[in-house]
Amino acid sequence: MAAEIRLSELAAGKAAVIRSFPKSGSGFLRLREMGLLPGTTVTLVRVAPLGDPIEIKLRGYLLTLRKSEAEHIGVEPAP
Amino acid sequence: MKSESTAPVFAIVGNPNCGKSTLFNALTGLKQKVGNYPGVTVEKKQGTAYSQHGLPLTVIDLPGAYSLAARSPDEAVTRDVLLGRRADTPTPDRIICLVDATNLERNLYLVHQVMDLGRPVILALNMMDLVEASGMTIRIGRLQTALGIPVIPCEAVNGKGLIELKLAMSRTDLPLPRHAWDVPGAIAAAVAELQASLALNDGKSPLSARAEALLLLTDQDSIRVAGSTPLSARTAEILATWKKRWEAEGMDWAGTLVNSRYEAIGRLAAEVVQPGAASGPTVSDRIDSVVTHPLWGWLVLGVVMTLIFVSIFTLAEYPMDWIGNGVSALAGWVKGALAPGDLRDLLTDGAIQGVGTIVTFLPQILILFFFIGLLENTGYMARAAFIMDRMMSRVGLNGRSFIPLLSSYACAIPGIMATRTIEDPKDRLTTILVAPLMSCSARLPVYLLMIAAMMPGNLVPLATKVGLMLFMYAIGTFGAFGFAWLFKRTLLKGAPPLMIMELPPYRLPGLKDVAMHMVQRAGLFLKRAGTVILGISIILWFLSTYPKSPATATQTQQVEHSFAGRAGHAIEPLIKPIGFDWRIGIGLISSFAAREVFVSSTAVVFSVENFDATNDHADIAPLRVALRHARWPDGRALFTPLVCLTLMIYYVFAMQCMSTIAVVRRETNSWRWPIFQTLYMTGAAWIFSFIIYQVGTAIGF
Ligand SMILES: Nc1nc2c(ncn2[C@@H]2O[C@H](COP(=O)(O)OP(=O)(O)OP(=O)(O)O)[C@@H](O)[C@H]2O)c(=O)[nH]1
Ligand SMILES: [Mg+2]
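Sequence order for the protein chains is A and B.
Taking my numbering, the leading residue of the first sequence gets 1, the next gets one more, and so forth.
Taking my numbering, the leading residue of the second sequence gets 1, the next gets one more, and so forth.
In isolation and in its complexed conformation, chain A is listed as follows (with noise of 0.2 angstroms):
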């Protein structure tokens, strides 16, 4: 098993599964209203011309967050 890592440390074009989730922050309640839960596969696609926010794609979108959230979701990379 993969050592778990911060979502915004993914590198780009990688996939990783989300692991561990904040319970609290109304943000985090969005994001997983929006499908971002653990077990869900996400593909880091870009990260924005200025080094913030990042580009994930997740079951068949595309979702932007920034790092600061980012950091607080742990995942797993894709072997």
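These are calculated hints, taken from the structure and not from any lab test.
Keep in mind that a hint or two might mislead.
As the list claims (entries may be wrong) - Below, a list of computed lysine-lysine pairs in the DSBU-like style, where the Cα atoms sit at most 35 angstroms apart: (1) B/Lys244 to B/Lys204; (2) B/Lys44 to A/Lys23; (3) B/Lys493 to A/Lys23; (4) B/Lys244 to A/Lys23; (5) B/Lys33 to B/Lys45; (6) B/Lys204 to A/Lys57; (7) B/Lys45 to B/Lys548; (8) A/Lys67 to B/Lys426; (9) B/Lys548 to B/Lys527; (10) B/Lys45 to B/Lys31; (11) A/Lys57 to B/Lys548; (12) A/Lys57 to B/Lys493; (13) A/Lys57 to B/Lys45; (14) B/Lys465 to B/Lys512.
Dock chain B with the ligands against the given chain A, drawing on the hints supplied.
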């Protein structure tokens, strides 16, 4: 009206950008704005569709929402209409859930919540063209059996599936959804208790009580937006008790609820969706790798902006001349047809001159709207927000605020409406306060007139004019960022906002949508010219004609002694330090209600000089020529390049738009903010103009 009240009411509900307004337009024949980014619709809209039997059906288009637990004002509109909390809208008795079928799982989350409401639901699967193209298949029949409701595949843009949808809408026996989902055990007891209390103490019907109880557990603040009645003390107490208990146990109640819904959806999706073979990068991916590239991205942004302004200068020239000639011909004809006198002058110098000068700018404004329409319909708006987010975070906002700001290039009013998609109230207010600094289409005539007065004819290369125009837009934009930074640091301090936004796939813009939007905007523009601007022009003509001076007075003396002239003189001490005389003062005063009036009022004030009293058929000289001949009493030219530049700067910053003030008043629900906004903007306009003019004069311009 009677048929209205008995017609069944359908609400179209779905995630942002799934095609609700497209479907609404197809059903009702109305023309709601459509665009390829989340958050186009921010207010409900009612229309009437006709069933296959010709019976009227009321249909409501709603803002997109990811969840009924609203996080922003636009989502709150949807939630409140669905729950019957809006007094001005009938509670929908049936619901059309529209989903983007390429992205079924996330879209079904909202559907799952809507099915709790206990009302008949029709599920419409939109974007089936894209589903097919991706090689994915959806087993419609299975979905239908699993949910127990009609499931209708459709393509709203192509009008496919509409007949089937209307047939379903005409059914009198629409079934209730079969909801094979139990509230997770850990929170079931709490939901039951809240449901009972909501029914007993808050007067909710048993079915909606369950939905509201579930909502209370994920809604951020149970007090919520204005207009909704607060919870009864008993229900609030139950909620608080449960939350305290769960917190002590370390239980994540909201997360449990969301996870449980997604589990149910996941099982369903596994059964009905067969994913297509994974393919290489799509067209959308390829476009994105250029548009959001660290280098090419900025280049694309720059090229797009330049292209817009080059077209405004070059393409508009001919139609502008035609309109201008038409207006002159009309004025000439009226002059020939009527006997000399006040009535004739009122028509030619007041009405035709005033409205005509503004209407000549219609081609430019249409070109601007065409490009903005392209940006909105291709999917570029969301990318602009993506690449600008970092910059926006420096001023304390986020990339989502950039979309309302971009819309404000067309007009601040839709821009301010679009701030409803911003979650944080302070961020939203900041964005509202700075949105009118983005140069809107009403400033375009003023800029164009000043550039024309400043740089005669073909002597100056096009690049200089385009550059100056871009410069004005840049000043407005950076001004907006600067003031946002200031407000977020002082008046409206708050936590840094989150940036959570969906990026839609690129689409070929529907030329019909873009054209429709242009026609609508042209209609609004002409309507404004025919009402507000006509009215102001006529009033201005009276004010500049009366009281009458002795017959020996020259035209300039006449204007000078009129009411308008006196008002201009009265403010001259205030504006002389920024290089303006009393005649420009008349323009400033009269454009307080609408910026473009400046052009027509200068037409009324300055062109009088070109009429030779002895020659009734004197042509109306182009306004820019008249401006170049305007002089101070001591013979210095009035519209020097420096004054033209100062005037443009003034118009970049000054708040001169009644409609914007009215919308800000409505959206902020107080007079405080529109008054503050008017003062700070106009103050800034004066200060910046003063600096430019004084520095410019000192260094010899
Ligand atoms: N390919 C395809 N595109 C569609 C279809 N229906 C709508 N669209 C496009 O989807 C985009 C969004 O359409 P809208 O009708 O504005 O979506 P909306 O749901 O009202 O969006 P919001 O008001 O922002 O919530 C537009 O670019 C439409 O042209 C469809 O069936 N197929
Ligand atoms: Mg819409």
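A quick look at each hint next to the structure:
no.	hint	verdict
1	B/Lys244 to B/Lys204	25 angstroms, holds
2	B/Lys44 to A/Lys23	33 angstroms, holds
3	B/Lys493 to A/Lys23	26 angstroms, holds
4	B/Lys244 to A/Lys23	15 angstroms, holds
5	B/Lys33 to B/Lys45	11 angstroms, holds
6	B/Lys204 to A/Lys57	40 angstroms, violated
7	B/Lys45 to B/Lys548	51 angstroms, violated
8	A/Lys67 to B/Lys426	22 angstroms, holds
9	B/Lys548 to B/Lys527	32 angstroms, holds
10	B/Lys45 to B/Lys31	10 angstroms, holds
11	A/Lys57 to B/Lys548	73 angstroms, violated
12	A/Lys57 to B/Lys493	33 angstroms, holds
13	A/Lys57 to B/Lys45	32 angstroms, holds
14	B/Lys465 to B/Lys512	32 angstroms, holds
Violated hints, in rising order: 6, 7, 11; the structure is consistent with all others.
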